[in-house]
Amino acid sequence: MNLIDHHRIIQIAGRSGPKPLPEGAWFRSGREALVALLRSWKRPVPEGRIVLLPAFCPEGLYAPFRSEGWDIVFYDLTVEGNPDFSHLQRLALRTQPQVAVLIHLFGVRRDIVTFRKVLGDSVFIIEDFAQTWPAEHLAHNPLGGDARLFSLPKLAGLPDGGGLELVAGGRPTVEKPGSAWGYTGLRFGALIAATLARKTGVKFFRWLSIALNGRAYRILRSGPGTARRMSGISRFLLRRLDQKRLIDRHLKQAEIYRTGIKNQTVTAMDNGGDWPMIGFPVLVDNRPHFLEWLAVKGVVPLVFSAAWSFIPEGEDHLFPGATALSGRHVLLPVCVKLTDDDIWEVVRAVNDYPG
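Residue 124 in our numbering is what sits at position 143 of the sequence shown, and the numbering runs on without skipping anything.
If you are wondering where the hints come from, they were derived from the structure by calculation, not from laboratory data.
There could be a bad hint or two in this list.
Unchecked claim - Listed next, the in silico EDC-like pairs over lysine to aspartate or glutamate satisfying Cα-Cα at most 16 Å (straight line):
hint: 1; residue 1: K233; residue 2: D321
hint: 2; residue 1: K98; residue 2: E40
hint: 3; residue 1: K98; residue 2: D127
hint: 4; residue 1: K243; residue 2: D127
hint: 5; residue 1: K278; residue 2: D322
Unchecked claim - Between beta-carbon pairs, the in silico distance windows are:
hint: 6; residue 1: L74; residue 2: N252; range: 24 to 34 Å
hint: 7; residue 1: N244; residue 2: A288; range: 26 to 36 Å
hint: 8; residue 1: D52; residue 2: P301; range: 16 to 26 Å
hint: 9; residue 1: N332; residue 2: N252; range: 20 to 30 Å
hint: 10; residue 1: P335; residue 2: R20; range: 51 to 61 Å
hint: 11; residue 1: L272; residue 2: L74; range: 33 to 43 Å
hint: 12; residue 1: G241; residue 2: K98; range: 35 to 45 Å
hint: 13; residue 1: R221; residue 2: N(-17); range: 18 to 28 Å
All C-beta atoms, glycine included, are put in the ideal place defined by N, C-alpha and C.
Produce the complete structure using the sequences and hints provided.
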């Protein structure tokens, strides 16, 4: 039996598609794109260079700023994943940051206009679009950020690929010409295994995919922070990817969840958006119990927790919204490989959940 999960598989349309970010620069990963951006600012980082990060953020955002010598200040989020603008404003007045990052968390559109107004024009704003897909729906907002980060493997079956777009133009330097095959090879092997798991239903291939991805992630985390170019195999697969189908399937599946979920103990937090999302985000009061219930039904959702919390020990009470979000969110499977019947099966499992 095939589990209903978020694992991406290789899908080749047989024809070339448009580049999703024609004016941007492509790196092996989003974290390496960010490293390249930080290093492109020629002057050395002075003592006290400050960045504002959300208190619920991935290691791929946190680590580059830390390794490049920035002082990191966290701002709180609401439990729905939006910036707590009152907290953000107080921090901005107190710390006078040079950079701030807004994550369009879960691929849900966040309020970049208010974010910009609160911080002012002197702050360099980075928008993290890693959990959606770069396409026409992200037409430039003149009141938006100064830089955009993307991560193609979050939604598509690619071994690597992190995009960076600068609104003012220009491209940071790629420090090495190609992707290290230790990482990319493991990721490509994981994609092959996930594809075989979907085609055959054999559990071994699924666990092999998980193991290879885990090993690849450890390599990425332990690297020296070199900004490598997106691999040739990823560029090939991207040219053969049916991007329209990917976007349409993600939007259709989100709409099924949006209209189908009736369980009052499960709260959707997608804001009725029109962006393709990494998963359909919901809030539950007892996440371990909810995950156990879904597992019995053959559903494997996604959660961001272990590598997403960098709040110093004992300071969780200073970030109540982000702390609640970290412990209560669940991303129901959204993936181009899944059928409408798969999604309706998840909906039935959610609606049957006793709470």
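Hints and how they fare:
A threshold of 16 Å between alpha carbons decides the hint, and for K233 with D321 the separation of about 8 Å falls inside it, so the pair holds. Between K98 and E40 the CA atoms are separated by roughly 27 Å; this puts the pair beyond 16 Å, and the hint is violated. A hinted pair counts as satisfied when its Cα atoms are at most 16 Å apart, and K98 with D127 qualifies at roughly 14 Å. A hinted pair counts as satisfied when its Cα atoms are at most 16 Å apart, and K243 with D127 does not qualify at roughly 40 Å.
Distance restraint check for K278 and D322: the Cα-Cα separation of roughly 14 Å lies within the 16 Å cut-off, and the hinted pair is therefore satisfied. The beta-carbon spacing between L74 and N252, approximately 28 Å, falls within the hinted interval of 24 to 34 Å. For N244 paired with A288, a C-beta distance near 29 Å keeps the hint of 26 to 36 Å intact. Roughly 23 Å separates the CB atoms of D52 and P301, a value that falls within the hinted 16 to 26 Å.
For N332 and N252, the Cβ-Cβ distance of about 21 Å falls inside the hinted range of 20 to 30 Å, so the restraint holds. For the pair P335 and R20, the beta carbons lie near 52 Å from each other, so the given range of 51 to 61 Å is met. A C-beta distance of roughly 40 Å is found between L272 and L74, which places it inside the suggested range of 33 to 43 Å. In this structure the supplied range 35 to 45 Å holds for G241 paired with K98, their Cβ-Cβ distance being about 37 Å.
Checked against the hint of 18 to 28 Å, the C-beta distance between R221 and N(-17) comes to roughly 24 Å, which is consistent with it.
In terms of the numbered hints stated before, the structure departs from hints 2 and 4, listed from lowest to highest.
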